[in-house]
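Given next are the chains, with one letter for each unit.
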Amino acid sequence: MNELYEILEDIIPEADYKTSTSLVKDGNLTSFELVRLVTQINDVFDLSIPSEEITPENFDSAEAMYRLIERLEGEE
Amino acid sequence: MLLVSYSFAAFCLVLFAVYYLFSGRLQWVVLLVFSGLFYAHGGVRGLLYPLVTTGSAWFLAGRIGRQTKESGRYMKEQGFDRMQKKAYTKQVKKKQRCLLTAGLVLNFGILAAAKYTSLFMTLGISYYTFQAMGYLIDVYRRKYEPERNPARLALFVGFFPQLTAGPISRFDRMREELFREHRFSFSGFRLGAERVLWGYFKKLVIANRIGPAAAAITGSPELYSGFFAFFGMLFHVIELYADFSGCMDIVLGLSQMLGISLPENFERPFFSKSLSEFWRRWHMSLMQWFREYIFFPVSTSHFSQSFAKAVGRIGGRQAGSKAPVWLAGLVVWLVTGIWHGASWRFVTWGLANCSVILLSQELSGVYRGFHERFAFSNRPWYQYFASLRTCLVFGLLQMLIYVSIPELFGMFLGMAAGEGLSELCAGGLLTLGLDLADYGILFLGLVLLFAVELMGRGGSVRERFEEKPGWLRYLLLFALFLLVIMAGVYGHGYDASRFIYNRF
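Chains as they are written, first to last, in the numbering used here: chain E, 1 to 76; chain L, 1001 to 1504.
One chain only, chain E, in its complex shape (with noise of 0.2 Å):
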């Protein structure tokens, strides 16, 4: 979890990404940090996120993702 908050934090550094459950519905990811968040997970996590997985659901809080990258880990 604190190599995705790192990866939050320098992305989106002003939002509140430890509690909010609303980050793409509030507007703090756009589809530009969605992209750059996505990239940066792919090179940390060692993962290939597909497009069809970018979704305001798994991606609406730092738990969601970290729930996303669980289990496109356990398919890989």
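A portion of the hints provided could be inaccurate.
Lysine-lysine pairs mimicking DSBU-like chemistry, simulated, CA-CA at most 35 Å apart [what the hints assert, rightly or not]: (1) L:1076 to E:25; (2) L:1115 to E:18; (3) L:1076 to L:1090; (4) E:18 to L:1076; (5) L:1115 to L:1076.
Incomplete in silico selection of chain L near chain E, CB under 7 Å [said to hold, decoys possible]: (6) 1297; (7) 1306; (8) 1308; (9) 1321; (10) 1324.
Calculated directly from the structure, the hints in this document are not laboratory data.
Beta carbons: idealized from backbone N, C-alpha and C, even for Gly.
Starting from the structure of chain E, add chain L where the hints point.
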């Protein structure tokens, strides 16, 4: 059939009567028949292309769906372990990708032939092609199961109000709307009719009135520079917004009268603080389609991610993570430009929008520092200034559709030299096909439009309007109706009933 015509009004009256008479499970069939009639009004041949699109999407999505089910069953029967499942799924996905590609090539090929050659043109081809291909991609992505009944899919693809200029809907949301029972509700019908009236006000009173003046300047940029160029830009932006958003009000209002809710296409874009925010609030359904089906797939593609790694090795992690954004942004805006028209002007317009958005993105740290350092940037007047600045940038970029970049600079540098000022003071605006009364009506119409948009910032204007006493509401609606009848422009030497986005 055009939305501003007596035949369309008669068509709607008959539809409402039959639709609510058949209240029940067959209502969608009534909509399908009337959508077919709407299409066939322009010639039965016009039905051929949407039928090909519907048929191919239905057939290919069905095949993809069957393969998904059969492969799941097969893996279960064989008792595959995780690695075997992964390998088999990859094999199936490869076959499905071939089917998807065939569908995309066929349908976007037809769209390209219709748009960029003079072979044929058919109503709403962009909108129904995007909808049908979105459906096919979603089935490929296993977002939902394919629709078994081709007639039901045909209604989703060809639901007639959407054929004029969108919005572009998604199947999973629309099937909930189209195929359920819709009992007649007076309040829903009235609310829909109110929105249709508001749409006609925007189209007939504002867009059609200002259209000739905008066309006079943007059509002959060599004759107009300096202050005239500024007015040309202003008139063009007003016409575009009033025309397109007015059309959407008519389409969404009409659907509401049928008990069907369509996605919104505008969210007061002129109150945006940046160009990227503007494009999130203008033609929203198209931009969401591009984001979901082009921007995200391109940015997460193997090529983009390898490109990110290569850039990251040279410029660091930050630069690496931005590389897919630049690449996908470029592709999306190139497609957006080409979709609007097959000319270098539209390509330049798309790439200019892309450059401004990406540059603003790169400068976001500077903006943040500015807002932290200068407290006035949080004041309301500064927010209005930021919105005005966005409108100006949007307007300037729109002018690239009519002139080249050096010509644009020339036109606006002329303004600094006071070019056209004396002609304007001598009544130059009255030579553009509008008289003083037209400008008076336009001014009042724009004040009304701006006031309603401004009120929208505090929540739904329609909900607040509903809270007013009944007599006041009906009085205001009657006044609006009279305004549309008396001040609406039904022909000024051009086809007043066409919508700008109709041609896309």
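Residue 1324 of chain L as chain E interface residue, shortest Cβ-Cβ below 7 Å: For residue 1324 of chain L, the interface hint holds, since the closest Cβ of chain E sits about 5 Å away, which is under 7 Å.
Proposed interface contact between residue 1321 of chain L and chain E, which counts if any beta carbon pair is under 7 Å: 4 Å, holds
Residue 1076 of chain L paired with residue 1090 of chain L [C-alpha distance capped at 35 Å]: The hint holds at about 16 Å.
Hint check: 7 Å Cβ-Cβ cutoff, residue 1297 of chain L to chain E: 4 Å, holds
Chain E contact restraint on residue 1308 of chain L - CB to CB distance below 7 Å: 5 Å, holds
35 Å limit on alpha-carbon distance, applied to hinted pair residue 1076 of chain L and residue 25 of chain E: 38 Å, violated
Per-residue hint verdict: residue 1306 of chain L, partner chain E, C-beta under 7 Å: Since the shortest Cβ distance to chain E is 11 Å, the answer is violated.
Proposed proximity, residue 1076 of chain L with residue 1115 of chain L (alpha carbon, max 35 Å): The hint is violated at about 47 Å.
Agreement of residue 18 of chain E and residue 1076 of chain L with the hint, judged by alpha carbon distance not exceeding 35 Å: 40 Å, violated
Restraint status (C-alpha distance of residue 1115 of chain L to residue 18 of chain E at most 35 Å): 48 Å, violated
In this structure, the hints that do not hold are numbers 1, 2, 4, 5 and 7, in rising order.
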